[in-house]
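Top line first, the protein sequences correspond to chains A and B. The opening residue of the first sequence carries number 1 in my numbering; numbering runs sequentially from there. The opening residue of the second sequence carries number 1 in my numbering; numbering runs sequentially from there.
Keep in mind the hints are simulated off the structure, nothing from the lab. Take these hints with a grain of salt, some might be off.
Taking lysine-lysine and the DSS-like style, the derived pairs with C-alpha atoms no more than 27 Å apart in a straight line are [as the list claims (entries may be wrong)]: (1) A:Lys531 x B:Lys88; (2) A:Lys113 x A:Lys338; (3) A:Lys528 x B:Lys98.
Residues from chain B shown here face chain A by an in silico Cβ test under 8 Å; the list is partial [unchecked claim]: (4) Ser15; (5) Leu16; (6) Ile142; (7) Ile146; (8) Val147.
For glycine and all other residues, C-beta sits at the position ideal for the given N, C-alpha and C.
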Amino acid sequence: MIVEVSHFLSLLATGLFFLVGSFALLTKPSVYISNLITRTYSHGFLFLIASFSIYVWLAITDNFSVQYIASHSNSQLPTFYKISSIWSAHEGSMFLWIVFLSLWGFIFNITIKNDQILKSNTIGIISLILVGFLLFLLITSNPFQTILPIAPLNGADINPVLQDPALAIHPPTLYLGYVGFVIPFACALSFLINGDPGIKWESLIQKWSVAAWIFLTIGITLGSWWAYYELGWGGYWFWDPVENVALMPWLAATAFIHSLSVSIKSSNLRIWTILLSISVFSLSLFGAFIVRSGIIDSVHSFANDPERGLYLLAFIGIIIVSSMSLFVARLSIIKPSKTIKRFSKESFISINNIFFGALIFSVMLGVTYPLIYEFLFDQKISVGAPFYNAIFIPMIILACIFMFFSIDSKWSRSFNFHFFIAPISLSVISSIITTLLISYIFDTSNLAILISLFAGFIVVYRYVIEIMNSLVMKKYLNPFSAIAHFALGLLIISISFNSLLSSERALNIKINEFEEYKDLKIFFKDIKVLKNSNHDSIEATFVLENQKGRTFDLSPEKRRYFTRGQITTETAIFIMPLKDIYMTIGDQLDDGSWIVNIQINYLIRWIWFSAGLMAFAGMVLMFSKRNI
Amino acid sequence: MKIVFKFIVLILPLSLIFTFYFLLTNNESYPGADYDVFDIPKFELGNLNNDKTLNESSLDKDFILNVWASWCITCRVEHPYLMSLSKKGIPVVGLNYKDEKEDGLEWIERYGNPYKTILYDYKGVLAMDLGVTGAPETFLIIDGKIVVRYQGEVNELIWNDVFLPVIESKDIF
C-alpha cells in the first residue's frame with residue numbers, strides 16, 4: 001500500500017515537471033510565468049523527494065513486498081546498508097540519480113533571485129530532462145514493482161562487495177557530480193535560446209560547476225580507493241571502461257572550469273566554454289548509458305536489457321543532438337569580440353582546452369574502438385593501459401610545461417618570457433637536480449618516468465615558491481589555482497614513484513615455512529576456516545619482518561557468501577607513510593602450499609591524497625567571496 | 001573553416017549514436033551459440049549418484065546435456081532455470097565436470113536436482129571430446145547427434161532464441 005503512495009508521488013512529480021518544461025519553453029516570459037515556474041518546480045521536487053523518502057523508509061523497515069528491495073536487501077543487514085542497498089543495482093540507483101538531478105535544480109531554483117528569464121529557461125530544460133529520465137525509470141525499470149499476494153519472508157541480500165562504507169558513499173558522490181553539471185548545461189542552453197550575447201551566464205554558474213566538480217573528483221577517488229582494497233586488484237587505476245566513462249566527464253569538467261574563468265574575465269573562449277559545458281553533461285549521460293545498457297562487460301555494469309539501452313540511447317541522443325544543433329545555429333552570437341593575445345593567460349588556457357579535448361577524444365576512442373571492432377570483425381580486442389599510457393604520459397608532461405610558463409602570464413596581455421627570473425630558473429634547476437638524484441639513487445634510466453618526475457617537480461617547486469612569496473611578500477596568489485595545480489604536481493610525482501618502485505610477486509608458501517621477498521621475511525603462521533552468519537571464510541595469518549626487525553601480522557581472507565555463492569577476496573594491508581604492503585590469498589595447490597600474492601605499493605596513498613587536495617582546492621573556491 | 005567545425009561538432013556525436021544503435025540492435029547472433037552438427041562421442045563414465053557405468057547408448061535419443069560443477073558460480077545462477085526446464089518435462093542430463101563427488105552431491109542436495117541422470121566426469125574426458133572449455137555449457141542432442149551447443153549461462157532469453165527454434169522445427173519434447 002505505502003509503496004503505491006510512493007509510486008504515485010513519483011508520477012505526480014513527473015507530471016509537474018512536464019508542466020514546468022512546457023511553461024518555460026512555450027510561453028512568453030513574464031514575471032507571472034517565472035513565478036509559476038519556480039513554484040511548480042519546487043512542488044514537483046517536493047513530491048519526488050517525498051516519494052524517495054518513503055522508498056528509503058520501506059527499505060529500512062524491510063518491506064519485502066517491494067520486489068527491488070526483496071532482491072537487494074536483507075533483514076539481517078545494518079540500517080546503513082539497508083539504505084545503501086537502494087543504489088546497489090540499476091532501478092534504485094537510477095531513482096537516486098534522478099532525485100539528485102532534481103535536487104540540483106531545486107537548489108538553483110531557490111537560490112537564484114535575479115536573471116529571471118535565464119532562470120526560467122534553465123529550470124524548464126532541467127524539468128524536461130527530469131521528465132525523460134523519470135519516464136525511463138517508470139516504464140523500463142520500475143523500482144516500485146511489488147510481489148503479490150505473498151511477500152517473501154526475507155530478502156536476497158546485497159552484493160557482498162558492496163557491503164563496505166566507501167562503496168556505500170561512492171555512487172551517491174559520483175552521481176552528485178555527474179548530474180550537477182546539468183546546471184551549467186541548462187544555463188548554456190538557455191543562454192543560446194535567448195540569443196542575447198550580453199547575458200553573463202558564466203559568472204552565475206562558476207560555483208555550481210566547481211561544486212559538481214568537487215563531487216566528481218571525490219567520487220572517482222573513493223572508487224579508486226575501494227577497488228584497491230576491496231576488489232583485490234591492488235592498484236589505483238585500471239582503465240576499465242566504466243572508470244573511463246567517469247574520467248571523461250572529469251576531464252571535460254576540468255577543462256570547462258578553466259575555460260569558464262576566461263569567459264568570465266573577458267568574454268573570450270565563449271565557444272569553447274559552451275561546447276565544454278554541453279560536453280560535460282553529455283559525457284555524464286553517455287556514462288549512464290554505457291553502465292546501464294549492458295553494452296560493456298565490467299564489474300560496474302548492471303543487468304543487460306536491450307530495451308533499456310535503446311530508450312536511454314534515444315533520449316540521450318535527442319538531448320545531445322538538439323543541444324549541439326542549437327550550439328551550431330547560434331554560433332554567430334557567441335563569436336569572440338576580441339582576439340586573444342599571444343602568451344596571455346587566455347592563450348595558455350586555450351592550449352589547455354586543446355590538450356584536454358585530445359585526452360577526452362583518446363579515452364572515447366579507447367572505450368568505443370573495441371565495440372566497433374567486435375561489431376565489424378566479430379573478434380574481441382581489448383584496449384588497455386599501454387594505449388592510454390602512450391597518450392596520457394606525453395600529453396600530461398607537455399601540459400605541465402605549458403602550465404609552468406602560464407603561471408607568469410597575465411590576463412589580456414602578452415608577457416615577455418625571461419628564463420633568468422628567479423622563480424623560474426630556481427624551480428627548473430632544482431627539478432633537474434632532484435630528477436638526476438632520483439635517477440642515481442634508484443638506479444633507473446626509464447625516460448618516461450624521469451621526465452614525468454621532472455614535470456611534476458617543476459610544478460611543485462614553482463608553486464612552493466609562489467606560496468612562500470604570497471605568505472612573506474604578500475604577493476597576490478589565487479589559492480584555488482595554486483592548491484589545485486600543486487596537487488596535480490604531487491599526483492604526477494606520486495604516480496611516477498608508484499610505477500617506478502612498486503613490485504609484486506606470487507609466492508607458493510606452506511604453513512610454518514619462511515619465504516623472503518625484497519627486504520621482507522614472511523612467515524606463514526596459521527590458516528583457519530571461519531563460519532560466519534552469511535559467509536564461510538578462509539583466513540591465513542602471516543608474520544612479516546622487515547630489515548629493521550619490525551614485525552607485523554597480515555591476515556588476508558577468502559570468503560564465500562551463501563546467498564549468492566559469490567567468492568570475494570579480503571586483502572590485508574599494512575600501511576606506512578611511504579608504502580603499503582598488500583597481501584591477498586589465492587588457491588591451495590596439490591602439494592598443500594598456498595598461492596599468496598604480495599605487493600609493495602609505493603606512495604599509493606599520496607595519489608589519493610593529491611586527488612583529495614584537488615577537491616579541497618575546489619572547496620577553497622566555493623567559500624571564497626570573489627569570483628576567481 | 002567554420003563549416004568544417006560545425007560539421008565535426010554535429011557529425012561526431014551523431015556517428016557515435018548510430019554506432020551504438022547498431023551495437024544494441026545487433027543482438028540476434030549470440031557469440032556463445034554454435035550450430036555445427038556432430039555425433040556424440042563414445043564414452044564410459046560413472047553416475048554421480050551410484051556407481052553404475054554409463055555409455056553413449058544408455059542415454060535417451062533426444063535430450064539436453066548440461067555441463068556443470070559445484071565450483072562454477074555461473075552454474076549456480078543458471079540452476080533455477082534448469083529446474084524450471086525439468087519441471088516442464090524437458091529431459092536434462094548433467095555432466096558433472098572436474099568436481100569432487102561429495103561437493104557435487106552436496107550441491108544437488110542443497111539446490112535441487114534438475115537432471116534425469118548425472119554423468120560424473122572427474123577427469124574431464126568426455127568434456128574434452130565434446131570440446132568443452134568451461135562450465136556451464138549446454139548441448140541439444142537429437143537422435144544421438146549434437147545440433148546446438150551453447151557456451152555460458154542458459155536463461156529464458158537464450159532458451160527462447162537459441163534452443164527453442166531448433167526444438168520446434170524438429171518437433172521433439
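A quick look at each hint next to the structure:
{"no.": "1", "hint": "A:Lys531 x B:Lys88", "in the structure": "violated, 37 Å"}
{"no.": "2", "hint": "A:Lys113 x A:Lys338", "in the structure": "violated, 31 Å"}
{"no.": "3", "hint": "A:Lys528 x B:Lys98", "in the structure": "holds, 25 Å"}
{"no.": "4", "hint": "Ser15", "in the structure": "violated, 10 Å"}
{"no.": "5", "hint": "Leu16", "in the structure": "holds, 7 Å"}
{"no.": "6", "hint": "Ile142", "in the structure": "violated, 27 Å"}
{"no.": "7", "hint": "Ile146", "in the structure": "violated, 23 Å"}
{"no.": "8", "hint": "Val147", "in the structure": "violated, 22 Å"}
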